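*Asks:* Here is how the chains run, residue by residue.
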Amino acid sequence: MFLFEDVEHGYDERRVLHGISVELTERRIAVIGANGSGKSTFARLLNGLQVPTSGRVLVDGLDTRSEGRAVRRKVGFVFQDPDVQIVMPTVAEDVAFGLKHRGLSKKDTAARVVEVLAEHGLSELAERPAHLLSGGEKQRLAIASVLALEPECVVFDEPTTMLDLRNKRRTTRVIAELPHQVVVVSHDLDLLSDFDRVLVFDEGRIVEDAPPARAIPAYLDLMAPC
Amino acid sequence: MLSLYRPGTSALHRLPVGVKLVVLLLSGIGLFFVTNPFVLGGFLLVVVGLWSLARVPLVELLRQLRPLALVLALLGVAQVLLLGWVSALVVLLRLIALILLATLVTMTSRTDDMISALERAASPLRVFGLRPHRIAFVLSLTLRFIPLIKEKADEIRTAQRARGVERSSLALLLPLLVKVLRMADHIAEALDARGLDDARDR
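Here the protein sequences come in this chain order: A and B.
For what it's worth, full-length UniProt numbering labels the leading residue of the first sequence as 1, then goes sequentially.
For what it's worth, full-length UniProt numbering labels the leading residue of the second sequence as 1, then goes sequentially.
Quick caveat, the hints were computed from the structure, so don't treat them as lab data.
Small disclaimer: the values here were computed from a predicted structure and weren't measured.
Watch out, some of these pointers could steer you wrong.
Only pairs whose alpha carbons sit at most 20 Å apart, straight line, appear in this in silico EDC-like list of lysine to aspartate or glutamate [stated by the list, open to error]:
| # | chain 1 | residue 1 | chain 2 | residue 2 |
| --- | --- | --- | --- | --- |
| 1 | A | Lys-106 | B | Glu-119 |
| 2 | A | Lys-107 | B | Glu-119 |
| 3 | A | Lys-100 | B | Glu-60 |
| 4 | A | Lys-107 | B | Asp-112 |
Derived contacts from chain B toward chain A, CB cut-off under 7 Å, selection only [said to hold, decoys possible]:
| # | residue |
| --- | --- |
| 5 | Lys-152 |
| 6 | Glu-155 |
| 7 | His-186 |
| 8 | Ile-187 |
| 9 | Glu-189 |
| 10 | Ala-193 |
Cβ coordinates follow ideal geometry from the N, Cα and C atoms, glycine included.
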């Protein structure tokens, strides 16, 4: 569903991605690499949050450069820090946020919010101010709010980095159970051990592209201190 | 308005938010024409009565006033010195009554009800090309991020204390500004990702 054609990306003088050409059709895809290897930028190219300096990114044939809005409807994005992603003061309002902007009526929005909160075990927190949630609850809310919009694919940017072990496992399970196509950027190798495909980034290039059994050892090798 | 709301089912909780806000607005204007301390005292009693009607314990009332005690005291002293006892009493009664009334409104109204009420109130501004739902949106964002900014400020303060810097407002403000600006970029990104650029406006 994602097609990268000769993608280059840079900020000012600094190139962060070089000649990326790749097609992503698998259901579970992971992106790993060192800090600053370009994987976060790669994730942001998937839903047109950033558009490539040259080359193009197609999502189901839609160019992220010209059809950014349509692309973002298809591709949900869960950010690393739920605090910046939760934009409304209370849990229920935050889930309602995206729905309202989709033009759903008040009644339909309210019904959908109740449904989504129940699905994610957040019902009893509906009226809770977002800043009083624990880290794990914030993450659950961030994911719930994205899934409420029924995207076809979900991109996770380091979804477990800020979580304790219990919440990490919980998030891993939630991701595993999603029927959606999923792209996860992560340092958390447990999370992606049963994925279909792993892209290893190094200095802005894809240096390995294989199932986890081959890609993870290559990554560990790459990360070995010299 | 941040986390003052206390869930409840009293008559005041059930009263439409619009009505409460209009009463607050009218009281705010009205009290400035009242200079009789007895009338003001009576009004304050009515407000205190409303507090008990909302079933908020009266201890809470004192707790709400405590952070303002210093300001009120300074104001009182200045008034006594400049204009005399009666004037000081009038000003303080007026202010305390209004603060308590406003606090009561926030305590008994859910934030999103309040924001929708303001959105409705702002709808005549459409004539001037303003979009009321955007005003409401800005209010919600503000409510969401004030506690977060406070959290960041606390983080910086702790980090500085760990390195031996006690209270220094400049040393707090600069890193806070940087953090907040960076946060703003991320929030803007998140808003895009969550479809703020979607419908309704276009």
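*Asks:* Hints the structure violates: just list their numbers, smallest first.
*Replies:* Those not satisfied are hints 3, 5, 6.
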